[in-house]
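Enquirer: Each chain, written out:
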Amino acid sequence: MSLDASARVAYQGRHMLVELSTHVFGTEIVRAVLDVDDIHPLTTAASDPSTFELLDLAVALYVLDRSVRVRVGRIRRSFALHLPVADVVRWRRIIPLVGEWYEALTGDAVEVVPIERGAAVGEHHRRESNFGFEGGVDVIGLLSEGLDSLCGADGVIHRDERIALASVITNPKRSSQIDTIKTALAAAHDGELLHYALATRLRRRRKVREKSQRSRTVLALITGMTIAHALGAGRVECYENGFGLLNLPVPDLQYGPMSSQVLNPRHLPLWDRLSRAFFGPTIEIVFPNRYRTKAEMVSRLSEPGRRLVSQTSSCDRLLRLPEGVIHCGTCGSCRYRQLSVALCGASINDVPYAYQHVGDGPDAELVLRYHARMLGIALSQPNAWDALVRLHPEISTLPFSEDGRGDKRESDDGRRNRIRQGTLDVLRRHVEELQQWEAVHAA
Amino acid sequence: MATDRDRFARVLDKRFGATAYAIANAAADAVARCAAYIESQERIADPNLRPAFQDAHRVLVRSQLTLPEFDAEAVRIRARGRDSEPAYRLALAYDDVRNGVCETLAEAFAIRQVRWVRGNIETYRDWEHVREGFPAVESALVAEMTRRNRRRFLGIGDAIPALLARTQADVLAELIPLQ
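Chains as they are written, first to last, in the working numbering: chain A, 7 to 449; chain B, 7 to 185.
Derived from the structure by calculation, the hints contain no laboratory data.
Errors might be hidden in some of the hints.
[Unchecked claim] Cβ-Cβ distance ranges computed for the label pairs, FRET-style:
| # | chain 1 | residue 1 | chain 2 | residue 2 | range |
| --- | --- | --- | --- | --- | --- |
| 1 | A | Lys-179 | B | Pro-141 | 58 to 66 Å |
| 2 | A | Pro-388 | B | His-135 | 34 to 42 Å |
| 3 | A | Arg-326 | B | Arg-64 | 50 to 58 Å |
| 4 | B | Pro-141 | A | Asn-389 | 35 to 43 Å |
| 5 | B | Arg-131 | A | Pro-388 | 50 to 58 Å |
[Said to hold, decoys possible] Pulled from the structure, derived: some chain A residues nowhere near chain B, Cβ distances all over 10 Å:
| # | residue |
| --- | --- |
| 6 | His-88 |
| 7 | Asp-258 |
| 8 | Ser-266 |
| 9 | Arg-272 |
| 10 | Asp-369 |
| 11 | Asp-409 |
| 12 | Asp-418 |
| 13 | Val-432 |
| 14 | His-447 |
[Said to hold, decoys possible] Derived coverage of chain B by chain A (criterion: at least 3 residues anywhere in the stretch with Cβ under 8 Å from a Cβ of chain A; other residues may be distant):
| # | segment |
| --- | --- |
| 15 | 116-122 |
| 16 | 146-160 |
None of these values were measured; they are calculated from a predicted model.
Just so it is clear, CB atoms sit at the ideal spot from N, CA and C, and this is done for glycine as well.
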């Protein structure tokens with residue numbers, strides 16, 4: 007198998023360096039420099055340096071993902087990554103799991119080569135702890151500038167558990183959006199929101215940029231897990247809607263690894279294994295909206311939350327101008343957002359849309375309809391689950407996603423049936439919403 | 007100097023070329039053109055699909071004799087599927103045969119190939135004119151692709167004759183009488 011790129015991680019002062027070596031047009035060495043100023047308060051929280059090696063790995067994978075394009079007609083990229091670690095022997099045991107986990111999530115193959123951390127890799131991991139949070143928290147909720155995140159954050163303030171929100175900022179422009187949402191929510195609910203942000207800005211990067219950025223979500227989840235470990239929390243919550251979590255590839259137009267499968271619940275057992283390998287106890291990733299559509303989530307927003315919808319963004323081709331953020335209005339995310347806001351049953355001031363189709367790809371609205379039509383045919387069969395698996399073989403292992411978790415009084419069969427039924431129901435409601443939306447359009 | 011017909015041909019070229027035109031007008035060679043289009047696109051995306059197909063076919067034939075508990079070869083076929091879109095389609099077709107959805111790999115692969123074309127036609131705005139005509143050729147196209155897959159990958163059956171009209175201008179000359 008030929009490598010698409012290899013990379014070497016090192017530390018220099020307060021910067022993490024990822025040196026890329028690609029061989030597409032000869033040999034080329036590129037240095038992606040990452041400012042770790044914001045990582046330090048987190049990473050030094052743990053006295054054991056190996057605690058944050060997973061975060062280092064995620065950042066390096068993010069750099070590789072951003073810098074190496076998927077070749078035309080190909081699905082998989084292959085990476086080799088030299089990573090400085092505290093315990094090489096321990097890492098060698100974990101490497102097969104890391105490879106399995108990353109390939110399942112993104113479709114890319116990665117081979118981690120652990121190297122002994124020494125003076126040559128810099129002082130990054132030798133700082134004293136300066137992370138002074140007392141009391142601990144129970145749950146870490148992931149907060150981004152998206153609409154689903156707003157729905158999630160809107161609901162956490164009045165919960166009994168101690169919750170902290172965590173964000174990963176890969177683009178500084180997102181930071182102010184997230185701050186606005188967080189501050190407005192806290193003020194509106196007269197409560198306090200504990201929030202941690204981790205900036206992973208690439209300071210000097212390759213000009214070639216892969217747009218799919220499958221690893222950004224991986225980085226967000228691992229950031230959440232690292233913060234959870236530092237604060238003693240046992241759960242990381244991600245508030246993505248049920249249809250978005252599954253992110254089912256359009257049958258025979260897209261294939262599994264071509265649509266990001268990072269959040270697909272069928273990978274939860276892999277996440278649990280990864281958590282145990284790095285952190286000891288399982289830090290569970292939980293999807294509270296797994297059986298809700300986006301429209302259902304928006305309909306549950308509080309009044310102050312509804313006023314913040316226009317501050318969020320969902321677009322795949324977002325245009326950030328000094329005057330504000332413009333959504334293209336024609337990509338898949340914009341179409342699904344429009345549908346959800348239109349059908350939520352409340353009057354909501356949404357974001358402005360340009361309604362400009364960029365590129366010569368398929369039309370997102372037609373894709374949504376075509377996919378919903380195929381889903382509808384499968385869901386109307388007498389044995390809907392089998393028909394759905396025939397259409398989407400990717401979800402065949404979905405019912406096993408919570409094995410080893412949850413209420414011990416529930417039998418394995420009972421849990422699996424509940425997952426099957428919940429998935430079928432949320433997909434049925436998604437198809438109905440699409441039909442309703444079409445009817446509104448036709449009228 | 008470019009004629010109107012040439013300009014028309016260039017516009018067609020952007021949207022599936024002569025194939026789209028043939029489907030939209032229910033031309034006699036619509037199926038053959040569509041099948042040739044699928045094959046040409048697959049050759050571009052994955053020039054080495056033939057050994058992969060033969061490998062999957064060999065595993066399927068052998069598995070009719072014994073069914074191992076852990077199918078390491080299926081794992082290998084699926085791993086090969088990550089190399090390109092046609093290879094992924096092939097891996098899915100392999101699973102279809104294993105799951106009893108289809109009897110032969112050539113047919114299962116043909117169904118996936120035709121669904122790929124149908125998906126494209128259904129989801130691109132500028133292929134709207136083809137959408138109505140496509141269902142009429144769909145089942146014939148599956149049969150044709152099955153025949154071609156058997157010939158192309160396994161060497162079974164008669165050779166596929168090349169299309170008589172090779173250029174778009176030829177196609178248009180056949181379909182649009184000159185004034």
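Enquirer: Which hints from the list above does the structure break, by number from lowest to highest?
Expert: The structure conflicts with hints 1, 4, 5, 7, 10 and 16, although it agrees with all the remaining ones.
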